[in-house]
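Here is how the chains run, residue by residue.
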Amino acid sequence: MSEETRYEDFFSVEGGNFRNAGQVSSRIKNILKELGCNSDMVRRAAIVTYEAEINIVSYAKKGFIHLQAGPHRVLIEVSDEGPGIPDIELAMQEGYSTASPMVREMGFGAGMGLANMKRFSDYFDIQSKVNEGTRVVMQIDQAR
Amino acid sequence: MTLREVKEILDAEVIVGEDQLDKEVHTAFSADLMSDVLAFATAGSLLLTGVTNPQVVRTSEILDIAAIIMVRGKRPSQETAQLAQELRIPILSTKYILFETSGRLHARGIVGCIVKVGERGDVRRDKV
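Residue numbers (our numbering), protein chains in the order written: chain X, 353 to 496; chain F, 7 to 134.
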């Protein structure tokens, strides 16, 4: 990764701030475009970051997104100070959700978020501690 | 087809993007669940939806959606319209229900952005 990385940045996401949910993903999308990532990579990176951002806003007090990117590989690490996930296997199942009615009104909270993050990543890892937080690592590679 | 033709077919009101009606569109995706939109909608498609909050605009921006068509007479909140202005994403409002909106556009040549979902990737129209 290191020799590939041409851009690195940290972004913070405020929990509960539904108005701004998606702003960081928009910025990351533009950064990747400028770096010369192809449209498929930009699209997948923007989708997984957006789902992660929605999760932070929906569940956590605050969260951080660490972006490391080069033209052929993007690494996105998302960590939050939130309630944590007691049963990751269950949470990964499509359709399982603990979202509030407010999150559902926005068109999310149908138990698709984590599944989408995994679906669009080439590498996906999730770790969580109850009452501490959750950390997700996602890598997007240029298709060969 | 241009957005102007879409507007006429759907007897729609243009709420944002009066200056973008010459934009060409060929495909569409209909859903109220933004996670499904993220999973399946493709760049340059129309998004037909009943969701009116700002997240529909954010989702559209992430995916480079050509325009949002709000169905069943729904209209964007002020915040939503403002964000759409900022991000230059047109919003049209039609009184037709989602089924009718989709059908009327399909009958005039707009096709689904994918045909169906599959276990090994979605089926795109050129692969049918």
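What the hints contain is simulated information worked out from the structure, not anything from laboratory work. Each hint should be verified, as a subset may be incorrect.
Lysine-lysine pairs mimicking DSS-like chemistry, simulated, CA-CA at most 27 Å apart [to be verified]:
id : chain 1 : residue 1 : chain 2 : residue 2
1  : F       : K29       : F       : K122
2  : X       : K470      : X       : K385
3  : F       : K29       : F       : K80
4  : X       : K385      : F       : K80
5  : X       : K481      : X       : K470
6  : F       : K122      : X       : K470
Counterexamples of contact, computed for chain F against chain X with all Cβ distances above 10 Å [said to hold, decoys possible]:
id : residue
7  : I15
8  : V43
9  : A49
10 : L104
11 : S108
12 : A113
Just so you know, even glycine gets a beta-carbon here, dropped at the ideal spot from N, CA and C.
- Taking each numbered hint in turn, which are not upheld by the structure, reported in ascending numerical order? 4, 8, 9
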